[in-house]
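A.B. asks: Those protein sequences? They're chains E and S, same order as listed.
The numbers in full-length UniProt numbering rise by one with no breaks, and the one at position 78 of the first sequence is 78.
The numbers in full-length UniProt numbering rise by one with no breaks, and the one at position 179 of the second sequence is 179.
Don't read these hints as lab results, they were simulated from the structure.
Be aware that a few hints might be false.
Copies of the same chain look alike in the list, so a pair counts if it fits in one copy or across any two.
Stated by the list, open to error - Simulated crosslink set (SDA-like; lysine to any residue; CA at most 25 Å straight-line): (1) K177 - T141; (2) K64 - D127; (3) K64 - R31; (4) K177 - I151; (5) K177 - A148.
The lines below spell out each chain.
Protein chains: 2
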Amino acid sequence: MTDATTERAPLGRRERKKAATRQALADAALRLFLEHGYDHVGIRDIAEAADVSTTTLFKHFPGKEALVFDEDAELEAALIAAVRERPEGRSIPGALREYVLRTRRAKGDDADARFTRFIELVENTPDLREYERRMWMRHETALARAIAEEIGAPAEDPTCRALAHFTLETRFLTCEKADVGTVIAGAFELLEHGWNAAAGGARG
Amino acid sequence: MTDATTERAPLGRRERKKAATRQALADAALRLFLEHGYDHVGIRDIAEAADVSTTTLFKHFPGKEALVFDEDAELEAALIAAVRERPEGRSIPGALREYVLRTRRAKGDDADARFTRFIELVENTPDLREYERRMWMRHETALARAIAEEIGAPAEDPTCRALAHFTLETRFLTCEKADVGTVIAGAFELLEHGWNAAAGGARG
DNA sequence: ATTAATAAGTGCAACCGTTTAACTTTTTGC
DNA sequence: GCAAAAAGTTAAACGGTTGCACTTATTAAT
Numbered sequence: 001m002t003d004a005t006t007e008r009a010p011l012g013r014r015e016r017k018k019a020a021t022r023q024a025l026a027d028a029a030l031r032l033f034l035e036h037g038y039d040h041v042g043i044r045d046i047a048e049a050a051d052v053s054t055t056t057l058f059k060h061f062p063g064k065e066a067l068v069f070d071e072d073a074e075l076e077a078a079l080i081a082a083v084r085e086r087p088e089g090r091s092i093p094g095a096l097r098e099y100v101l102r103t104r105r106a107k108g109d110d111a112d113a114r115f116t117r118f119i120e121l122v123e124n125t126p127d128l129r130e131y132e133r134r135m136w137m138r139h140e141t142a143l144a145r146a147i148a149e150e151i152g153a154p155a156e157d158p159t160c161r162a163l164a165h166f167t168l169e170t171r172f173l174t175c176e177k178a179d180v181g182t183v184i185a186g187a188f189e190l191l192e193h194g195w196n197a198a199a200g201g202a203r204g
Numbered sequence: 001m002t003d004a005t006t007e008r009a010p011l012g013r014r015e016r017k018k019a020a021t022r023q024a025l026a027d028a029a030l031r032l033f034l035e036h037g038y039d040h041v042g043i044r045d046i047a048e049a050a051d052v053s054t055t056t057l058f059k060h061f062p063g064k065e066a067l068v069f070d071e072d073a074e075l076e077a078a079l080i081a082a083v084r085e086r087p088e089g090r091s092i093p094g095a096l097r098e099y100v101l102r103t104r105r106a107k108g109d110d111a112d113a114r115f116t117r118f119i120e121l122v123e124n125t126p127d128l129r130e131y132e133r134r135m136w137m138r139h140e141t142a143l144a145r146a147i148a149e150e151i152g153a154p155a156e157d158p159t160c161r162a163l164a165h166f167t168l169e170t171r172f173l174t175c176e177k178a179d180v181g182t183v184i185a186g187a188f189e190l191l192e193h194g195w196n197a198a199a200g201g202a203r204g
């Protein structure tokens, strides 16, 4: 999903053109994907729809899947903040559960039909799901370090890393019949109790 | 890895030839991969080394990565058995931890140098790691059902599914400095305590 | 035994995502 | 102004994968 409202620096003629090309590519890609399905749209189609060559496309995006997703620098910051600035008396996995449940993309609530279709596209396209998962999982190390710092454990503490890993994984728990919220709750059932009971006692 | 010792049914001339071709392909692939590295060996190289055409290769294996891995029907059975036939008084996550630690492929212990090189190949090749992960994770549903059945929970119980998912994931916890065993232990630290403390009390 | 149906294997050309290399344009620093 | 660096563009290729038309070998039915 592309969000063009995040510009601030006074960018020169060149960078403006670059951004425009990038945007044209992302727009064309999303439109075509929604129209014909991810697998039925080729890189060459997208490039032509944006009136550039395929080589130019790959200068802007590292691969076909990346055409659909935006930067995620802010995502990691928010994730860490959820741990660091959690309300008084709330446990770390508790704060993480709240964050995951709050930021999970639900299909029905936001009135934006366009966004709903975007979510469906990702969920129904294995390639895109996999790509999103890899992107999301890259935050594991940062999250693990934040958790460890928060409780004064060594940066590589295995339990902290496991909590980080499992927390991030909750977003991709497969759910056939039960709805997503229930499955996530079930997962944190394990994690919260496990964290509280784990050796080391004085965990926040 | 290929293991030719699992034949039992009296197979006809045709299926014998088929198996031979398949074996030739797998052997050639592994040999070439170890020799030159996964990325430096093309499908066409492997096909030629096995003296078949690329079309034939894809009749036997669904993709390049599959040339390296064997069937995994037995793996799932063993996994389920670890839960079902666990010793008296041992908890389910306890049995799973024991199974995971026992069957994890350690580089140094088995005296087979060939096998060691095979493991290194997989671990150093992102494509192969990903493929192995996907194969392994396919057992999630079966494991979740076995766990649920074992404690008399509904087949789709979210906590059981979460335990299954997280258990399988332990094999792919990234570890930069700490060794694998320590990280797995840290993960089960969470899971075992969480499972014991989770609502439902009478869990075995 | 002949024959029809099935399945393995072949060769080739194509498709698709991605990369390379050569070339042109724009920007930047002197 | 001007040369060097950076970014943009293009056509061609590469590597995994698939489709198609065809040959050959095995099995099963008549």
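A.B. asks: All hints are to be evaluated individually against the structure, with a verdict given for each.
C.D. replies: Results of checking the hints against the structure:
no.: 1; hint: K177 - T141; verdict: between (32 Å within a copy, 12 Å between copies)
no.: 2; hint: K64 - D127; verdict: both (10 Å within a copy, 17 Å between copies)
no.: 3; hint: K64 - R31; verdict: within (14 Å within a copy, 32 Å between copies)
no.: 4; hint: K177 - I151; verdict: between (37 Å within a copy, 20 Å between copies)
no.: 5; hint: K177 - A148; verdict: between (35 Å within a copy, 15 Å between copies)
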